[in-house]
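Visitor: As given, the protein sequences belong to chains D and G, one line each in that order.
Residue numbers for the first sequence follow my numbering, so the first one is 196 and each next one is one higher.
Residue numbers for the second sequence follow my numbering, so the first one is 600 and each next one is one higher.
Calculated directly from the structure, the hints in this document are not laboratory data.
Hints may be right or wrong, so weigh each one.
What the hints assert, rightly or not - Partial chain G-side listing against chain D, Cβ under 8 angstroms, derived:
| no. | residue |
| --- | --- |
| 1 | TYR631 |
| 2 | TYR638 |
| 3 | GLY642 |
| 4 | TYR695 |
| 5 | SER702 |
To be verified - Using 30 angstroms as the maximum straight-line C-alpha spacing, the simulated BS3-like pairs for lysine-lysine come out as follows:
| no. | chain 1 | residue 1 | chain 2 | residue 2 |
| --- | --- | --- | --- | --- |
| 6 | D | LYS250 | G | LYS648 |
| 7 | G | LYS701 | D | LYS198 |
| 8 | D | LYS265 | G | LYS701 |
| 9 | G | LYS701 | D | LYS248 |
| 10 | D | LYS250 | G | LYS701 |
| 11 | G | LYS648 | D | LYS252 |
| 12 | D | LYS198 | G | LYS668 |
| 13 | G | LYS621 | G | LYS701 |
| 14 | G | LYS648 | D | LYS198 |
| 15 | G | LYS701 | D | LYS252 |
Computed from a predicted model, the values in this text were never measured in an experiment.
Glycine included, C-beta positions come from ideal geometry on N, C-alpha and C.
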Amino acid sequence: DVKVTQSSRYLVKRTGEKVFLECVQDMDHENMFWYRQDPGLGLRLIYFSYDVKMKEKGDIPEGYSVSREKKERFSLILESASTNQTSMYLCASTMTSGPGETQYFGPGTRLLVL
Amino acid sequence: AQSVAQPEDQVNVAEGNPLTVKCTYSVSGNPYLFWYVQYPNRGLQFLLKYITGDNLVKGSYGFEAEFNKSQTSFHLKKPSALVSDSALYFCAVRDYNTNAGKSTFGDGTTLTVKP
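Take these sequences, add in the hints, and give me the full structure.
Guide: Structure below.
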């Protein structure tokens, strides 16, 4: 079974702090993704990566950056956290870039910015 | 452009009754369609997908979905609901020439199954 893990289930940070969210997958998947989930808005893509050191902006990249130095690890960085970044963050991966690929999701990190 | 709509925020059914969670989509080419389920405080889990072939797709936990091209729909169904099916359900779509990252998700439908 594919396993996608996220470094924290819950985080509380203060406005202006730099926040790191880490995601690790154990199945040698090429693609990795970061989404945020907000009630009534579904899942919105922040960034995704299709290879090491490669990244592409999703629908809502503003205020976020990402890093993928190793194939199995994809980090989401909030350079200066703001209260409107309070949300549930979900990481996902797929084996390849084919459109029929199933996405495998981590358990999520619930971030509260005070 | 691709889009997906889940017209119902909430679906309530009694245990043992059939359930339907609705999804409609819009793509410019051939669609790839997915259903995921999210239990409280968990990530999304894959249920089933339609890529090509039979319009009726069977998935995990007794769920199935019917692809209807003329109505651009992909409704999720189960003949007999269980209380444990209570969860948040997401429909997602990709166009055939879209990178796997470019899924569009619906807003989600909360299914509540009452004993």
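Visitor: Indicate, hint by hint, whether the structure satisfies it.
Guide: Quick rundown of the hints versus the structure:
| no. | hint | verdict |
| --- | --- | --- |
| 1 | TYR631 | holds (5 angstroms) |
| 2 | TYR638 | violated (10 angstroms) |
| 3 | GLY642 | holds (4 angstroms) |
| 4 | TYR695 | holds (6 angstroms) |
| 5 | SER702 | holds (7 angstroms) |
| 6 | LYS250/D <-> LYS648/G | holds (26 angstroms) |
| 7 | LYS701/G <-> LYS198/D | holds (21 angstroms) |
| 8 | LYS265/D <-> LYS701/G | holds (22 angstroms) |
| 9 | LYS701/G <-> LYS248/D | holds (19 angstroms) |
| 10 | LYS250/D <-> LYS701/G | holds (13 angstroms) |
| 11 | LYS648/G <-> LYS252/D | holds (25 angstroms) |
| 12 | LYS198/D <-> LYS668/G | violated (34 angstroms) |
| 13 | LYS621/G <-> LYS701/G | holds (21 angstroms) |
| 14 | LYS648/G <-> LYS198/D | holds (20 angstroms) |
| 15 | LYS701/G <-> LYS252/D | holds (10 angstroms) |
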